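Number of protein chains: 2
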Amino acid sequence: MAFKTRERLGSFGYRTRRGSLDAISESNNFHESNGRKWCSTGTSELLPGQSVGLEIDHIIETRKTPFNDVLLVKSKTFKETLILNGIPHLTKTDGFVPFEMATHVPLLCHPDPRHILIVGGMDGSGLTAEILKHPSVESIHHCEEDSEMVELVKKTFRVSGFDHDNPKYKYFSMNAKDFLRNKDGQYDVIITDRSLTTHEADPGIFGVSYFELIKDALKRNGIAVTLSWGIWIELRPPDKILKENIRWIRNLFPSVNYYAVSAPSFPTGQGGYIIASKEENKDFKTPLRNLSESEMKPWKLRYYNPEVHFAAFALPQFAKQQLFPPKPQIVDETRRLDLPRQLCLSTSC
Amino acid sequence: MAFKTRERLGSFGYRTRRGSLDAISESNNFHESNGRKWCSTGTSELLPGQSVGLEIDHIIETRKTPFNDVLLVKSKTFKETLILNGIPHLTKTDGFVPFEMATHVPLLCHPDPRHILIVGGMDGSGLTAEILKHPSVESIHHCEEDSEMVELVKKTFRVSGFDHDNPKYKYFSMNAKDFLRNKDGQYDVIITDRSLTTHEADPGIFGVSYFELIKDALKRNGIAVTLSWGIWIELRPPDKILKENIRWIRNLFPSVNYYAVSAPSFPTGQGGYIIASKEENKDFKTPLRNLSESEMKPWKLRYYNPEVHFAAFALPQFAKQQLFPPKPQIVDETRRLDLPRQLCLSTSC
Numbered sequence: 001m002a003f004k005t006r007e008r009l010g011s012f013g014y015r016t017r018r019g020s021l022d023a024i025s026e027s028n029n030f031h032e033s034n035g036r037k038w039c040s041t042g043t044s045e046l047l048p049g050q051s052v053g054l055e056i057d058h059i060i061e062t063r064k065t066p067f068n069d070v071l072l073v074k075s076k077t078f079k080e081t082l083i084l085n086g087i088p089h090l091t092k093t094d095g096f097v098p099f100e101m102a103t104h105v106p107l108l109c110h111p112d113p114r115h116i117l118i119v120g121g122m123d124g125s126g127l128t129a130e131i132l133k134h135p136s137v138e139s140i141h142h143c144e145e146d147s148e149m150v151e152l153v154k155k156t157f158r159v160s161g162f163d164h165d166n167p168k169y170k171y172f173s174m175n176a177k178d179f180l181r182n183k184d185g186q187y188d189v190i191i192t193d194r195s196l197t198t199h200e201a202d203p204g205i206f207g208v209s210y211f212e213l214i215k216d217a218l219k220r221n222g223i224a225v226t227l228s229w230g231i232w233i234e235l236r237p238p239d240k241i242l243k244e245n246i247r248w249i250r251n252l253f254p255s256v257n258y259y260a261v262s263a264p265s266f267p268t269g270q271g272g273y274i275i276a277s278k279e280e281n282k283d284f285k286t287p288l289r290n291l292s293e294s295e296m297k298p299w300k301l302r303y304y305n306p307e308v309h310f311a312a313f314a315l316p317q318f319a320k321q322q323l324f325p326p327k328p329q330i331v332d333e334t335r336r337l338d339l340p341r342q343l344c345l346s347t348s349c
Numbered sequence: 001m002a003f004k005t006r007e008r009l010g011s012f013g014y015r016t017r018r019g020s021l022d023a024i025s026e027s028n029n030f031h032e033s034n035g036r037k038w039c040s041t042g043t044s045e046l047l048p049g050q051s052v053g054l055e056i057d058h059i060i061e062t063r064k065t066p067f068n069d070v071l072l073v074k075s076k077t078f079k080e081t082l083i084l085n086g087i088p089h090l091t092k093t094d095g096f097v098p099f100e101m102a103t104h105v106p107l108l109c110h111p112d113p114r115h116i117l118i119v120g121g122m123d124g125s126g127l128t129a130e131i132l133k134h135p136s137v138e139s140i141h142h143c144e145e146d147s148e149m150v151e152l153v154k155k156t157f158r159v160s161g162f163d164h165d166n167p168k169y170k171y172f173s174m175n176a177k178d179f180l181r182n183k184d185g186q187y188d189v190i191i192t193d194r195s196l197t198t199h200e201a202d203p204g205i206f207g208v209s210y211f212e213l214i215k216d217a218l219k220r221n222g223i224a225v226t227l228s229w230g231i232w233i234e235l236r237p238p239d240k241i242l243k244e245n246i247r248w249i250r251n252l253f254p255s256v257n258y259y260a261v262s263a264p265s266f267p268t269g270q271g272g273y274i275i276a277s278k279e280e281n282k283d284f285k286t287p288l289r290n291l292s293e294s295e296m297k298p299w300k301l302r303y304y305n306p307e308v309h310f311a312a313f314a315l316p317q318f319a320k321q322q323l324f325p326p327k328p329q330i331v332d333e334t335r336r337l338d339l340p341r342q343l344c345l346s347t348s349c
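Chain order of the listed sequences is X and H. So the first sequence is numbered by the UniProt record's numbering: it starts at 1 and just counts up by one. So the second sequence is numbered by the UniProt record's numbering: it starts at 1 and just counts up by one.
Calculated from the structure, these hints are not laboratory results.
It does not matter which identical chain is meant; a pair holds if it fits inside one copy or across any two.
Taking lysine-lysine pairs in the PhoX-like style, the calculated list, with each CA pair at most 25 angstroms apart, reads: (1) Lys240 with Lys92; (2) Lys320 with Lys285; (3) Lys79 with Lys320; (4) Lys177 with Lys64; (5) Lys297 with Lys320; (6) Lys79 with Lys240; (7) Lys243 with Lys297; (8) Lys92 with Lys243; (9) Lys133 with Lys170; (10) Lys240 with Lys76; (11) Lys240 with Lys74; (12) Lys243 with Lys79; (13) Lys243 with Lys300; (14) Lys300 with Lys240; (15) Lys320 with Lys300; (16) Lys74 with Lys155; (17) Lys297 with Lys240; (18) Lys243 with Lys76; (19) Lys154 with Lys74; (20) Lys278 with Lys243; (21) Lys168 with Lys154.
What you are looking at is a predicted structure, and each value in this text was computed from that prediction instead of being measured.
Given only the sequences and the hints, what does the whole structure look like? Please build it.
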């Protein structure tokens, strides 16, 4: 059940600074159990029948922005936790996984990453802090339409030591597709991170048009990374969502692969990224620069290392067979018109 | 909350053939949400603040055996699901992960696996079916004390095509430590699988005495595999449970490593195995026999393949640093007396 009464949750000690309890999405399910308060999340249509339950200390903030139901809670295990539209997006405890794996994998596969674009990525600080560890980087553009959410997240999640006024970093509160137009050949790496949303009005990024714009905005040896689903949703018949996403991208880019990450607050404990390059036969598994232990130490890495980079591309047998069948030669145009809305991974497109 | 009233769960359509609702552990938390029935599990002391929620179709059976609270449910996503003492142990949907990864990793690292012992492993059929794919195997002994649980699980989970009367398979309803005594040098591979339990009376297998027995029961090039925790519990201060487990085993075996598996019904979506050999400098990452695609096909593998085998040993940076510090030279005897009960992974020891 969603929040029904103030009494029910009185002992959470919430501090709703703005908005109301109605701002909480129906998909955020609260219940009490043995005197403990739980928030069960992730029960969207994509992941039916399973949820991740977090024990809640208190609610930090609830807000309904024009784009998202934002719920910021302090959870027992994961500390500060951002739940957008009923899906946990970011926690203080395991947020380093997506930050490190969305950035170091593509940047270490690129010969000279200078100009980076982040689409989505909440307040951008977590990804930007990792990107700035690469000395070649000259500029980071960050496009996320929901500036209200960005401000909320910034207050709670800003990575220590990162300053949003950093001269290499620039934020754009714009629709991602509008932003990408006329950016031909501008970026070395484009990272499409969540905010995952299921908004009715959202056309979804997993349509060809978004990735055509991404492709155009990349330099000739550019690399695109897109947060996608974990492999386990592929066990859910009859839809093969991840397979379809990869198939669309393989129709546009000559080199496409998928790598998995493990994070306990993710639905099913696992997520993944689709990585694509405009170059033929690009080997994403083997980084162009292998970080040594002494190089990694000042970067304070907690997840990424060269072995993890390589291993992340190893897919369980069922996933390998489903996700990477022989490359199709003909684009099936009819599929383009049939994109489920809930596949959108960003509020900005 | 645990089951409180029959009314509350009337619509689950349960069929309690024996025992009573009291048989359900307090740690099995049921609640209704938006008209759906959920069972939230895994909220033990080891994994505080997080639970895995499964939407329940109906309860198949509840039973309190002398060793376990057994709960068999039909869940929406994972089909038939076995919950022992509040922890999901096995589902029809992702059970292939532990079955394949507990067996093929050690058996393909052993030059000639003939005699195998399973400790725990529920009804044994899932592991045995995988082990029997290796033509060298001559005998499989299965030791699990809770014969009542074994019979219950057998009815619901027996792997299609496997016959418990198979002449290579033999079941022993015995305490594992009693069973292991006087088995010196008898086994090529010993697999300690769950049933995970937190019984008050249980001394836990993660003490030296259990692994001393395992070591003695192995042949000179024998391999032991033990289901353990996922890496994420190591983020929970102050205990470093997995690190301690590995440290104990490294004091006994010259070669020890850890490999991770991803399965959505596992708490945190991830689990792992400690693998040990009596041989010096044993390389577990590289299987002695690399299965080709054509060899794998008749085995109908869904998770295991040679890349996954290698990749499973790649640990995120924080886990690598925590779990495998330089090998200690002196066994700290005082630690042996201080084993948390809840670390036991088998009902049989």
